[in-house]
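S.K.: Spelled out, the chains give:
Number of protein chains: 2
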Amino acid sequence: MSLIVHKYGGTSMGSTERIRNVAKRVAKWARAGHQMVVVPSAMSGETNRLLGLAKELAPERTDTSYDRELDMLAATGEQASSALLAIALQAEGMHAVSYAGWQVPIRTNSAFTKARIESIDDKRVRADLDAGRVVIITGFQGVDDESNVTTLGRGGSDTSAVAVAAALKAKECLIYTDVDGVYTTDPRVVPEARRLQTVSFEEMLEMASLGSKVLQIRSVEFAGKYKVPLRVLSSFTEWNIDIHEEAKSGTLITFEEDEQMEQAVVSGIAFNRDEAKISVVGVPDKPGIAYQILGAVAEANIEVDMIIQNISKGGLTDFSFTVHRNDFARATELLKSKVLPALGATEVIGDTKICKVSIVGIGMRSHVGIASKMFRSLSEEGINIQMISTSEIKTSVVIDEKYMELAVRALHKAFELEQSAA
Amino acid sequence: MSLIVHKYGGTSMGSTERIRNVAKRVAKWARAGHQMVVVPSAMSGETNRLLGLAKELAPERTDTSYDRELDMLAATGEQASSALLAIALQAEGMHAVSYAGWQVPIRTNSAFTKARIESIDDKRVRADLDAGRVVIITGFQGVDDESNVTTLGRGGSDTSAVAVAAALKAKECLIYTDVDGVYTTDPRVVPEARRLQTVSFEEMLEMASLGSKVLQIRSVEFAGKYKVPLRVLSSFTEWNIDIHEEAKSGTLITFEEDEQMEQAVVSGIAFNRDEAKISVVGVPDKPGIAYQILGAVAEANIEVDMIIQNISKGGLTDFSFTVHRNDFARATELLKSKVLPALGATEVIGDTKICKVSIVGIGMRSHVGIASKMFRSLSEEGINIQMISTSEIKTSVVIDEKYMELAVRALHKAFELEQSAA
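Residue numbers (numbering that gives the first Met the number 0), protein chains in the order written: chain A, 0 to 421; chain B, 0 to 421.
Think of the hints as simulated: they come from the structure by calculation, not from any bench.
A hint or two may mislead.
For identical chains, the list gives no copy identity; a pair is met inside one copy or between any two copies.
[As the list claims (entries may be wrong)] Quick list of in silico lysine to aspartate or glutamate cross-link-like pairs, EDC-like style, CA-CA up to 20 Å:
no., residue 1, residue 2
1, Lys335, Glu415
2, Lys168, Glu220
3, Lys122, Asp143
4, Lys54, Glu91
5, Lys122, Asp144
6, Lys54, Glu16
7, Lys352, Glu302
8, Lys23, Glu55
9, Lys23, Glu59
10, Lys170, Glu145
11, Lys412, Glu346
12, Lys168, Asp121
13, Lys226, Glu380
14, Lys27, Glu91
15, Lys23, Glu415
Generate coordinates for the entire structure from the input sequences, incorporating the hints supplied.
M.R.: Next up, the structure:
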């Protein structure tokens with residue numbers, strides 16, 4: 000008998016019919032002898048509906064406790080879906096009980112709308128499991144030291160599920176979603192894309208941060224920190240498929256180095272076109288310029304992704320970085336009006352028509368020449384590389400966005416990802 | 000500076016536009032120097048929507064903790080409307096904070112779906128009020144000793160508001176609703192019906208229990224127990240009417256005997272046609288028959304209203320009582336199959352086409368002949384009385400339901416209720 004955590008996204012909980020299917024699937028696992036904890040999201044559309052009402056009443060933050068109230072409001076979505084799932088499980092003949100974050104409790108800090116989990120008390124949940132109950136815990140939310148309801152931000156239910164699995168030392172945390180696993184790249188771009196049976200925690204972390212929307216990045220970080228075996232699989236298979244088959248489906252995110260040794264050098268190709276490039280040109284090369292430029296950007300609450308400073312030529316250097324496209328106009332304006340005069344730099348130039356393409360693979364650590372193979376492959380397609388950034392397990396390039404699909408396909412082929420690693 | 004509690008029903012909270020109006024009204028009171036606590040219901044339709052989803056998943060109770068989950072589910076309605084009201088108040092420039100029942104906490108017993116309030120901690124709320132915040136407290140819900148969410152049952156928000164007002168020793172609890180006060184009788188039946196400026200707690204209790212839907216009876220009981228001055232008034236006046244005018248509008252439910260002395264003998268005519276009459280005929284008149292008959296009915300969880308036992312004739316008596324029409328078939332069947340044989344009674348007869356009409360007035364205590372005036376008035380209209388029941392401040396009769404409007408109009412006129420008491 001193992002303790003298993005299931006997490007179901009909003010689409011999987013999107014109607015009473017789907018909730019009934021979730022209940023049947025969970026009941027199947029429980030009847031197979033597992034202790035079951037389920038973390039559901041709100042019914043799809045519900046969080047947007049609630050926050051839409053708030054926006055009608057106050058389009059913008061009008062009080063310091065505005066965010067506190069948004070959390071009180073949004074948290075009702077998961078409380079309702081959790082209670083409904085408990086009722087559906089009871090209708091399947093199971094004993095089931097649902098808990099809101101504060102009832103477990105899942106303790107967080109007080110950063111409303113983006114709180115961080117600090118601790119989870121497992122006493123109450125364990126007592127229920129030992130009494131043969133399926134325990135449902137609201138995703139996305141917790142409670143702070145002052146008994147205020149907090150939420151973890153969008154996608155926070157993944158994080159809740161992993162944190163609960165960690166606190167309960169679950170054998171596995173199964174993230175049921177609308178895709179059937181993690182792919183070598185997006186199958187809509189490369190039809191030959193292959194589902195990975197396993198992917199290392201570090202690779203998943205890079206893929207999540209590079210735009211693969213399968214898992215929320217914080218949940219992957221959490222899984223890594225607490226070594227929670229995590230599996231991404233589809234909630235749209237028939238609920239009554241063989242449980243052994245289901246338990247092996249999807250993609251397992253692993254933590255053991257050994258399992259990786261057999262793997263391909265590169266596991267996947269990630270990409271996104273959400274970013275824009277900004278360069279400050281002709282910056283006098285002296286200590287403190289990175290802080291002068293990025294400090295101003297950070298103060299304006301703009302997140303920066305890639306940062307590149309070229310070598311100095313004649314005492315002048317160029318400083319480039321990428322931001323989210325939504326922040327591009329604001330960042331450019333800020334640099335032109337405030338930073339450029341103070342720095343004595345020549346100009347600020349920007350480009351929103353870029354994309355970032357990355358190869359990710361834990362195997363890269365021990366293999367030389369991977370990056371150069373990437374660059375050669377892109378060069379053979381006539382694709383110009385604008386920026387390069389590397390880490391131990393990934394290499395990212397910024398290129399013209401019109402070449403994105405071409406680049407992804409070329410790299411997928413160059414690293415032979417369409418073939419099984421086995 | 001007084002502490003005032005406002006309660007708004009679901010219709011008053013039915014849309015963002017209406018919530019904004021509630022916020023403007025509350026802000027007006029706060030700006031006039033009052034410490035404000037607001038208890039809102041869920042947005043109209045929301046509780047039914049949520050319970051409808053539950054019904055789709057499990058049409059009937061399937062587990063001992065089914066009711067617990069219904070409460071978890073239904074409680075989200077008030078949590079959402081409370082947060083929305085806080086946001087609307089913030090948009091009006093007020094500092095506002097919302098609390099769910101468990102956060103106050105409002106402690107209840109564990110009778111899910113019909114819990115009773117046991118205590119309310121006023122510490123947190125007082126600290127907010129002293130800091131100049133408007134405090135919003137979810138109606139309808141509380142928390143039991145095991146940190147389970149409980150609800151007080153339909154209409155429980157009235158009770159929440161009165162209980163909060165009692166705990167905070169509020170100067171007045173204003174129940175904003177879709178009618179503008181308590182009337183001498185239903186104006187749809189008697190166009191001359193007059194709004195009462197004041198009504199005694201005991202009269203209100205009788206009127207509430209007799210079918211006047213203005214206030215939930217438990218909230219009136221609570222107000223009586225803790226002597227909370229309660230005012231029923233309309234939420235559909237313009238929010239910006241003069242606050243002194245608003246503060247005197249509606250109907251005040253009072254506890255001081257003195258104020259009653261000036262009042263008319265009869266304050267109002269209540270009626271309902273939700274009941275059915277059952278008679279057990281030819282019962283051998285011996286000790287224990289009431290228990291034998293009503294014990295069986297009570298065990299089947301059927302509530303009994305009027306109970307009448309006629310004097311014995313020839314060692315046999317007739318025993319009559321009224322139940323809700325929904326319970327009529329079940330009660331009759333039960334009596335025929337179980338009780339009749341054991342009692343040795345002749346037969347069980349019933350009638351669903353009845354109604355109950357009552358005159359209510361605290362002045363009846365000190366006036367003789369009120370009941371006989373009622374009976375004469377009905378007799379003059381040719382209305383036959385089937386059952387009579389009296390208490391200190393009311394006299395009720397059961398008559399054929401087709402005479403209901405006629406009886407109400409005749410009594411309203413006979414007791415001169417269309418004229419002002421002043």
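S.K.: Evaluate each hint against the coordinates.
M.R.: Comparing the hints with the structure gives:
Proximity of Lys335 to Glu415 under the C-alpha cut-off of 20 Å is found in neither arrangement, the shortest distances being 45 Å within a copy and 83 Å between copies. Proximity of Lys168 to Glu220 under the C-alpha cut-off of 20 Å is restricted to the intra-copy arrangement: shortest distance 16 Å within a copy versus 50 Å between copies. In this assembly of identical chains, the alpha carbons of Lys122 and Asp143 lie at most 20 Å apart whether taken from the same copy (18 Å) or from different copies (18 Å). Proximity of Lys54 to Glu91 under the C-alpha cut-off of 20 Å is restricted to the inter-copy arrangement: shortest distance 14 Å between copies versus 39 Å within a copy.
For the homomeric pair Lys122 and Asp144, the shortest alpha-carbon distances inside one copy (18 Å) and between copies (16 Å) are both at most 20 Å. Proximity of Lys54 to Glu16 under the C-alpha cut-off of 20 Å is restricted to the inter-copy arrangement: shortest distance 12 Å between copies versus 30 Å within a copy. Within a single copy, Lys352 and Glu302 get their C-alpha atoms as close as 18 Å, which meets the 20 Å cut-off; across copies the closest is 73 Å, which misses it. In this assembly of identical chains, the alpha carbons of Lys23 and Glu55 lie at most 20 Å apart only when taken from different copies (15 Å versus 38 Å within one copy).
In this assembly of identical chains, the alpha carbons of Lys23 and Glu59 lie at most 20 Å apart only when taken from different copies (18 Å versus 42 Å within one copy). Taking the shortest alpha-carbon separations for Lys170 and Glu145, neither the intra-copy value of 33 Å nor the inter-copy value of 29 Å comes in at or below 20 Å. Taking identical chains as interchangeable, the C-alpha atoms of Lys412 and Glu346 are never at most 20 Å apart, the minima being 40 Å within one chain and 90 Å between chains. For the homomeric pair Lys168 and Asp121, the shortest alpha-carbon distance inside one copy (10 Å) is at most 20 Å, but the shortest distance between copies (39 Å) is not.
For the homomeric pair Lys226 and Glu380, neither the shortest alpha-carbon distance inside one copy (41 Å) nor that between copies (85 Å) is at most 20 Å. Taking the closest pair of Cα atoms, Lys27 and Glu91 come within 20 Å of each other only inside a single copy of the chain (10 Å); across copies the shortest separation is 52 Å, beyond that limit. Taking the shortest Cα distances, Lys23 and Glu415 never come within 20 Å of each other, neither inside one copy (40 Å) nor across copies (65 Å).
Hint compliance for this structure: hints 1, 10, 11, 13 and 15 are broken, all remaining hints hold.
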